[in-house]
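A.B. asks: Sequence:
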Amino acid sequence: MPVKAQNFRNHARYVPVYHYVVYPILLLNFGWAAWSLRDVSFPAVLDVLVAAALLLLTYYVRSFALKAQDRVIRLEMRLRMRELLPEELQGRIGEFTPMQMVGLRFAGDAELAALARRVLDEKITRAKPIKRLITDWQGDHYRV
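If you count by our numbering, then the sequence shown holds residues 1 to 144, one letter each, in order.
If you're looking for bench data, these hints aren't it; they were derived computationally from the structure. A quick note: this is a predicted structure, and the numbers were derived from the prediction, not measured. You can take every hint at face value.
Straight line, CA to CA, 25 Å or less: simulated DSS-like cross-link-like pairs of lysine-lysine: (1) Lys67 - Lys128; (2) Lys131 - Lys4; (3) Lys128 - Lys4; (4) Lys131 - Lys67; (5) Lys67 - Lys123.
Per label pair, the in silico range of CB-to-CB distance: (6) Val72 - Val15: 14 to 20 Å; (7) Arg118 - Trp32: 46 to 52 Å; (8) Val72 - Tyr14: 17 to 23 Å; (9) Met99 - Trp32: 34 to 40 Å.
Positions of the beta carbon are idealized from the N, C-alpha and C atoms, including for glycine.
With the hints as extra help, turn the sequences into a complete structure.
C.D. replies: Laid out in structure tokens, this is it:
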């Protein structure tokens, strides 16, 4: 099956069952448990607590996976920058923040050095504006 080409507009990762089925069901469950709390009892309070815990669990499962992915991206980008950046920029690799590296990861090899220099010189700190500057988008189909 051919892989759809990625670009800035379609690179965000959504898992339909996770984002559009699991979350709404858990939100509905929490709402129902909260509404049922009008009859204050131990089972009703426990239902609200379990519903809240399930929402928190779902959020943190995704959050922890994304944090681990960001660490891998940081390592990957440090290695890639050591290979591709000119000598005068290699000494500045430590200046990049994790979010800058997340933004730069989609840049093609040919444009990485110029874009990295621009990010540092213009102090662009957020990933989204960096991603918008990329002209040779290299898709990442193994994201979480």
